[in-house]
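Enquirer: The lines below spell out each chain.
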Amino acid sequence: MSAISTLFTALFYISLVIFLVGMARKIYQYWITPAPLKIPTAPTPLTQTGVVMRMAREVVLFESLFKANKWTWLFGWLFHLGLLLVLIRHVRYFWPGDLPEIFLLVQPFKYAAFAMVIGLIGLMGRRIFVERIRYISAPSDYLMLIMLLVIGVSGAVMTFTTNHTDIIMVKEFASGLITFNWADLPTEVYFLVHLFLVFVLMAIFPISKLLHVPGMFFSPTRNQVDNARKKRHISPWALKQEQEHAVKLEQTLGKDE
Amino acid sequence: MAAKEFDIPVLPTYIEIPKINEGAMEGDGPFKASKEFQNPLGFPGEKVDNWQEVAIAKMGELKSKYRSVQVFLDSCVKCGACTDKCHYFLGSSDPKNMPVARQDLFRSVYRRHFTFAGKHFPKLVGAKELDDKMLDDWYNYFHQCSQCRRCSVFCPYGIDTAEISMAAREVLDAVGVGQKYCNQILGKAITIGNNLGLPEPALRDTLLDLEEEIEEETGVAIKYPLDVKGAEILLITPSADFFAEPHIDGLIGYGKVFHQDGVSWTMSSYASEGANFGMFIGSYDIMRKAALRIRKAALDLEVSRVMVGECGHAWRVAYSFWNTLTGVGAGATDEFGLKLQNQLDSRYPQPQHIIEYTHDLIQRDKLKFDKSANDDRTVTFHDSCNVARATNMGGIPNGQFILPREVIKAVCNNYVDMERTTIKESTFCCGGGAGILTDDLMEIRIKGAMPRMQALKEVEKTDGVNTLVAICAICKSQFSKVLPKFDFDPYMIVSAHQLVSEAIVIDKPQTDDSEAEVAEESVAE
Ligand code: HEM
Ligand code: SF4
Ligand code: SF4
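Chains as they are written, first to last, in my numbering: chain A, 1 to 257; chain B, 1001 to 1525.
Just so you know, these hints were derived from the structure itself, not from any lab.
A hint or two may mislead.
[What the hints assert, rightly or not] Here are the simulated BS3-like pairs of lysine-lysine, each with C-alpha atoms no more than 30 Å apart in a straight line:
#1 K1339(B) x K1368(B)
#2 K230(A) x K1481(B)
#3 K240(A) x K1032(B)
#4 K231(A) x K1065(B)
#5 K1289(B) x K1035(B)
[What the hints assert, rightly or not] According to the in silico footprint, chain A covers these stretches of chain B (three or more CB under 8 Å from chain A):
#6 1068-1076
#7 1211-1220
Computed from a predicted model, the values in this text were never measured in an experiment.
Every residue, glycine too, gets a C-beta built ideally from N, C-alpha and C.
Given the sequences, and given the hints that come with them, work out the whole structure.
Expert: In structure tokens form, the structure reads like this:
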């Protein structure tokens, strides 16, 4: 194996471990941090099913964002939909051997890359030209978009221009990462840049705003059932506090009369 | 500071998103609490020497106790969807009043001290140190947030700036920089029992006067009972209802409804306050302390129902938090909660809102109205933010929007809603919530009221609206103050139960008898 292949193989595992460990730690942190009070935001679901439906609408349709701002919604949704399709299409590289038929369904969506790139350009445009959004943007916010743009564009260049890489080789390399049969990778610059940035993306996932992915599911204003009167909701720390001070409180209350 | 000159916003024909104007609302913030108000709540009397250390430690504590704080600080993608949703930004154009920018005052410090990226690459991710300037900004801008949660409705992750505001105020209190208005009031509420510091004899006198006045006016002895042991209903209402205009007319309305229903009810001198400012300063413990007085009153008076009067955040605390804090509700598993819940009548929701109660009576045809009594009015309803975005009524989806409107429509003939994007879950705050209702914050109160006033102006023009109904004590006080600044009649703001009071047909004692006779006769037949 060439030096560069070895380097990229190593980078893959390093970034994967950072991603998995980092995300596991973050999700664990969210999991153990209690939400001591009922704070769902209207329009609130009164049942658990309602919560699931609400969450599904948020994840699939970006419902709240749609209410808030149509342009941001349009670009944001295009980008994410494109990203999703592109990611699914990437499974074929990692799948050792023939792809199960179900994945063939998305193969026609190779133009998803355009949706993704157009979405990203739109989001970038808003960040640069809408004064309010410019005001709240840090350098990392631009960099994140630039990085995704470069990933998307370099990918599209390989798909749609004559700068094709050797797909067979890519498949061997990528599936080799999964099956530990390490192989050489193509060394065209488009491909190396594409791959390197994906590794960076994986590594920064747990320490950046990409935490919106787990965060979305843990958001108490969105995932709570509005049933405070029917069912007592109490956090472990509050319960402990209550039990420890129970007697004292009962005794002190009313003493000031 | 308080006397600073400022322009009252001119109402536009529709709400435009302003160009940002940095530093427009820069300032020292509201009056700070001195020792005498800080210490009774367990807060340091002045800014402590090692305040940075204390503040960072407090932030660490809060983010481990509140999932909202932890998740919200991490998840924001700076998409900007919330930037034009805050009434304080729309009215003041100060960019730090954009919800995400307000959160960022807190988030930038969180990043600096608690995240890898912020510790090692602060410039890259906009992480900042908590220095004097930053603390001043916290104090100023977290007291320009009414915790109305409008931003949370529109954020793709439901990020609720109110949660961050509460956390920031908690940190500020912990380092000895508290707000005078809130903390002074809380001191009274948890020692005397109400925000006004009204002791039992004064309260009793007020209620007696009220009874006399009403009897003179209506010829019926309608009672406003205090501390009656064994009454069925304990009414917890904001203390403003006892004396402030227009609140008191709402209280009169509650009494008439109880009277018509023939139910026994009482108020408590020990727990004579529905408002709970503990929520505003973010303190679980103080909020609980205030709520515990109500539990004690309910137990001592041996009531079987607890009901809440017209007050926005009081209803939020009651509906969403009381069961958690003190077990007023159902489904308790612990000892004291079970005790209380055994005493309370489980056929009714506990606690119940006065609107739910009146609505139920209307549904069951228990009340008679002469709607024409309100014919001089064309009415619109202001959804108070805490009721609209943080509670429910009637146990049906969106009941908190439906029930008040149905009650109003049952007692008056002319009703219109304001523009769709300014009501229900998208309602604009009155501008006075969460400890902003103080004269030293008049500038932000007036500017923050602009979006609501604009929507009101529209229905005034198109439908001739001359009455604004709210079911929140803060809204009522705030509107009384700001309406005239925007060329409205300050008396156009009324309680929902004032309209009920004006239209309700009270049975006179003699008609009572004759009706009873008629009833007996029909039974005999
Ligand atoms: C459960 C899956 C996901 C959901 C529901 C989701 C949802 C959202 C929403 C609602 C926004 C705000 C609108 C916008 O600016 O586009 C957003 C922003 C963003 N998302 Fe996601 N997302 C998901 C997964 C991902 C993944 C896997 C990535 C990246 C690899 C990603 C990258 C981004 C970025 C970079 C932004 C900020 C865009 C900007 O700067 O304007 N998202 N996401
Ligand atoms: S909670 Fe209300 S006042 Fe506070 S930032 Fe959000 S919209 Fe503005
Ligand atoms: S809408 Fe939510 S995610 Fe978007 S900038 Fe505002 S707080 Fe951040």
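Enquirer: Checking each numbered hint in turn, tell me which of them this model violates, lowest number first.
Expert: Checked against the structure, the hints that fail are numbers 1, 2, 3, 7, while the rest are satisfied.
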